[in-house]
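With the hints as a guide, dock the two chains, each given alone in a separate frame, to form the complex.
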Amino acid sequence: MIKLKNLKSLYDHLSKDRQVIGLKKEGNRYYYRPLKSYDEWSSDVLLGNFSPKDHFFPHDETLFYFKAQKLIESKEEIKPAVLWGVRPCDIAGIGELERMFNQKGEEGYRDPYFMERFDKTLIVGLACTEPWPGCFCTSVEGSPYKSEGADIFIYPIEGGYLIETPSKKGEAAIEGLDVEEVSDVSQLEADRRRAESKIKKYAFEGIEDKLKLMVDSNFWDWIHSPCIGCGTCAFVCPSCHCFDINDSSRGARGLRSRQWDSCLYEGYTLETSGHNPRPSGSQRWRQRLMHKFSYFPQVFGSYQCLGCGRCARACPVNINIAEIAKKAMEWVE
Amino acid sequence: MSSMTDAIREEARKILSDGKVDFVIGYAEGDTPIQAKPVFISRVEDVDKLVWPSFGLVNLATYLSRYRTSKDRIGIVAKGCDSRSIVALLKENQIDRDRLFIIGVNCPGMLSRQVAREKAGEIIAAENKGETWSFTTVEGNKEVSCFELMPSNCAACRHHAPVISDVVVGDPITEPDGDGYDSVREFEKKSAPERYQYLMSEMSACIRCYACRQACPTCNCDECFVDITQPRWVDKGLESTDLAIWQLIRVYHQAGRCVDCGACEEACPMGVKLLWLTRKMNFIVKERFGFEAGVDPEALPPLATYEKDDSQEFIL
Chain A
474 MIKLKNLKSL
484 YDHLSKDRQV
494 IGLKKEGNRY
504 YYRPLKSYDE
514 WSSDVLLGNF
524 SPKDHFFPHD
534 ETLFYFKAQK
544 LIESKEEIKP
554 AVLWGVRPCD
564 IAGIGELERM
574 FNQKGEEGYR
584 DPYFMERFDK
594 TLIVGLACTE
604 PWPGCFCTSV
614 EGSPYKSEGA
624 DIFIYPIEGG
634 YLIETPSKKG
644 EAAIEGLDVE
654 EVSDVSQLEA
664 DRRRAESKIK
674 KYAFEGIEDK
684 LKLMVDSNFW
694 DWIHSPCIGC
704 GTCAFVCPSC
714 HCFDINDSSR
724 GARGLRSRQW
734 DSCLYEGYTL
744 ETSGHNPRPS
754 GSQRWRQRLM
764 HKFSYFPQVF
774 GSYQCLGCGR
784 CARACPVNIN
794 IAEIAKKAME
804 WVE
Chain B
2 MSSMTDAIRE
12 EARKILSDGK
22 VDFVIGYAEG
32 DTPIQAKPVF
42 ISRVEDVDKL
52 VWPSFGLVNL
62 ATYLSRYRTS
72 KDRIGIVAKG
82 CDSRSIVALL
92 KENQIDRDRL
102 FIIGVNCPGM
112 LSRQVAREKA
122 GEIIAAENKG
132 ETWSFTTVEG
142 NKEVSCFELM
152 PSNCAACRHH
162 APVISDVVVG
172 DPITEPDGDG
182 YDSVREFEKK
192 SAPERYQYLM
202 SEMSACIRCY
212 ACRQACPTCN
222 CDECFVDITQ
232 PRWVDKGLES
242 TDLAIWQLIR
252 VYHQAGRCVD
262 CGACEEACPM
272 GVKLLWLTRK
282 MNFIVKERFG
292 FEAGVDPEAL
302 PPLATYEKDD
312 SQEFIL
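Top to bottom, those sequences are chains A and B. If you count the first sequence from 1, position 173 lands on 646 in this note's numbering, and the numbers rise without skipping. If you count the second sequence from 1, position 127 lands on 128 in this note's numbering, and the numbers rise without skipping.
With the rest of the complex left out, here is chain B (with noise of 0.2 Å):
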């Protein structure tokens, strides 16, 4: 067992034996191969079932709305991109700070089954062979370097460490330089039709199924928009522009909440390429108003406030 999941464990069993928390939220190994499963652990007996996993791409944070308005104290296991959804769910009131106990985890990273799935095939079995990844798939075995199995948007990170937190668990990490745009810089140099063609393509593939929405942990609206009935925003169905709609408006609804975790993406069970609206938007409210959600406790999200000089030019 890597000592990250001892620390957890240990961390854990604290907080349970010594009753600061009703339970905790972590991961466990998956039962399917390359897939971390999220446990809910309420008892110190069943605390060795925590793990540090390898694919551990769900935001754990995505569970806090569910206990809003409920008295639970609760334990929770954040890397640094979950400890920022945190953040961003107490600026919206969306849980108390004091029936938290943050784990929070320098996290060096998380590997993805989608990025998996793009390198190797379909994955039947997989094994961890140190640096290397050894996957059994329907058209043969291939090996894979942990390094090429990162997803995009831990390859952006630029907050490795957790932002907000009770207790925190794994070495630092020194956070490499750029500020992580790159990609978005180099996708907005293709030209307009190119970019429309490629996204639409991706749009298409949605199947409405929501997971990335429910894996989102800022994406906690009593009632979403798309399933509003009266009035109508969105037609049901699998209409391209419905689907391409639905998207925009989801990932305009996270301005300035998105913290760029991937969680969504990782999600899709159709691999559709998410990230590429979800950090294009934080790019912009990064540039525009210098905001990036979830780092700084104390600041203001931008759709909760107002400054004389922002930016407005987009506004006719």
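Looking at chain A on its own, in the form it has when it is part of the complex (with noise of 0.2 Å):
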């Protein structure tokens, strides 16, 4: 690991061929967005209202244009860029985004847009020495100091920081940095461990297997009722990555683009002829909750939620998922 006095040296360092994106305050709230400066950037906020997800898997995108029966590519330039400042868990919903858009296998699905915006990013970490209320990170196998996923991580420590490279990415990015070399960083568990005790826990251990037995359980009937069905949670979420497809045309010219969808509106899984297998509030919060904390593990191995805490504060009717999913774990039917 290596130590730094400040951290403009690295942001400068990394921005002389890169577009930083950080965090911004725009008007009362805080979004990722170009920094001209490292002046810019809002250094003490944890999370942003909004997770980073937007930089990689834009919010309205446009695939390609079409004009009668020629189809043109989207034009837009992807410029090599940094993400700034990351904290754990919207790396941990990076990472989970970049397991669903780029699979594995042959019959794996690989998004072209997500990946080129991907491949073109440096992930810049940034641990949480001090946790905000509502952070769950450590019940969904996170940590405010884990470093996994980031090129380069940012541990704060007293008259400084250390750096580390996780990835061969982030080593070579920092090559020619004036640096301090440090082989003593003892002092990183227990900062790890006095950030985590002020961190909520809950036992979410085995809640895979538990859900799958809830399929037809009358935990949904009542759980659901003071949601009201818009998509405030999916849109702040850093890992939830739904769109739906749309066209736009005048005449005969026009384009497709695809936007955040949300699991929760009632149209979402409307079909063609009308039929809505998911017409109740009720399946669709079991769907929410099942694929956040049993499919996703099922296939991918880990939960697709990180313990950010977003949604319960975004929530106009402050349901937290955390408490939902503990209310699961202690259902007996």
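Bear in mind the hints are in silico, worked out from the structure with no lab data behind them. Check before you lean on any hint, since a few could be wrong.
Label-pair distances were calculated between CB atoms; the ranges are [what the hints assert, rightly or not]:
#	chain 1	residue 1	chain 2	residue 2	range
1	A	Ser482	B	Glu128	37 to 43 Å
2	B	Gly20	A	Pro752	27 to 33 Å
3	A	Val652	B	Leu249	53 to 59 Å
4	A	Ser510	B	Asp311	55 to 61 Å
5	A	Leu544	B	Gln231	21 to 27 Å
6	A	Asn575	B	Ser3	50 to 56 Å
As the structure is a prediction and not an experimental result, all values here were calculated from the model. Ideal Cβ placement from N, Cα and C applies to all residues, glycine included.
Next up, the structure:
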């Protein structure tokens, strides 16, 4: 590991030939946005109001244009970027998106739009020394000090920062940076434990199996009740990746685009015939919880909820997915 | 616990144990700061989850159209504005009056998480200190008075008392002077380009999560025009004209139905100032047709009736 007195030198080094995307205040909210300078970065904010997924998987993305029978590919040029100061939960979220959009095997789906952005982005993570109330990453295999998935990872310490490069991409990126090598990093373990001790812990072990048996449970009949069926939770979630594809045309010209979608929308599963296999709120909430805590772990081996707590903070009716998962764990038929 | 909370619990306990209702819709403490959580209480032993919240801008009447064709007997905690929404729903035959037990509340006004964010910043933790709230934010600690945390719709409210109820809790509130539309009159003084620019910049922040629509009791169409694909009325995506048209049409559809409860604006994850549109429309409906949504249970809504001397100079 290496030590830096301040982060500006790293920022300047990385931004030489890359666009930096980091948390920035706009109005009274914080978003991942292109930064013009280091000073624009809201360094004290743990979580933006939205996750950085928009950078890889834009909310509204043009796939191609058409003119009569002719298709013209979207020409947006994807530039090399640095995703700066991302917290471990959001890094894990990017990892979940990558699992989904870069599936292995011949049958696996590979999303070229996502992958081009992903391949061209350097992820710079930042440990959370002071987690927020509502964080629960340690219950879903995360940690405020988890560097996995980042290319470069920053640990704030007294009088400076320790920098780890978990990937070759990250290692190559810091070449040429004036650094001080450090061999004793034992302090980090104590820092990690201190930060983790501040986070509310839920016992979710075995939840994927528990949920498997709850498909026909009465649990779903009442758990969804307060949900009003908007898309807020899915939109702020770092790992929700469902999208809808739409054509927009004027005469023979037009474009095909995709937009974020949410499984809590009533029309999400509506079929062309008019049949809706998930017509009730209870079925939609079952899908949401099952996808994050059962189907995804079964297929990809990891939770699809990273414990950032954004959904509970943003939800108009204050539904907290961690509390619902906890109730599912405690549920007795 | 406040006396309001005690009174709501007592009424809920009574109707549940008497078997008058199958469940009661009310507010509980939220899991995150400055937010109340709607709850559905069906067992007497859960009644103590109910509270009278400080940040309870969710209009509970939004849940009623879900039970349009069910046989459930429903108890509901209703502020002045919620009760007006219930009246609007009754007029449109969205719910049967005899399946409802309305615990009306003389509501002194709610506080808003949107306003709290505007005044204090990104709030991590919050604590009530009587007349003020103390917020821990990413930019340090801030103290804001309850008065300052009141949203514009509560400040403009002239119907604090429930207009329809089976029992009322809380002390009666003296309605303030004026009609509550001074903010609209002020806004109208701005030039047309100024108003256009302001409203377009607000609308262009919309992310089409439809939280506003879902939070609204009278946004209860089986299929919303914005979701219809054949024909497509509004393009999907985040093009600002589409966003503005979506919001404008949604608001138009609330003519004579919007009760200015502020639930849409409070629900918005982007903090879009939706009430400028709805309140202006409510003002027009009141000036032109002398109608306020949900205030008179007997009056026909303006879109459901016609009178020869209706003002119609706007029709070409």
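Comparing the hints with the structure gives:
no.: 1; hint: A:Ser482 <-> B:Glu128: 37 to 43 Å; verdict: holds, 40 Å
no.: 2; hint: B:Gly20 <-> A:Pro752: 27 to 33 Å; verdict: holds, 30 Å
no.: 3; hint: A:Val652 <-> B:Leu249: 53 to 59 Å; verdict: holds, 56 Å
no.: 4; hint: A:Ser510 <-> B:Asp311: 55 to 61 Å; verdict: holds, 59 Å
no.: 5; hint: A:Leu544 <-> B:Gln231: 21 to 27 Å; verdict: holds, 23 Å
no.: 6; hint: A:Asn575 <-> B:Ser3: 50 to 56 Å; verdict: holds, 54 Å
When held up to the earlier numbered hints, the structure conflicts with none and fits them all.
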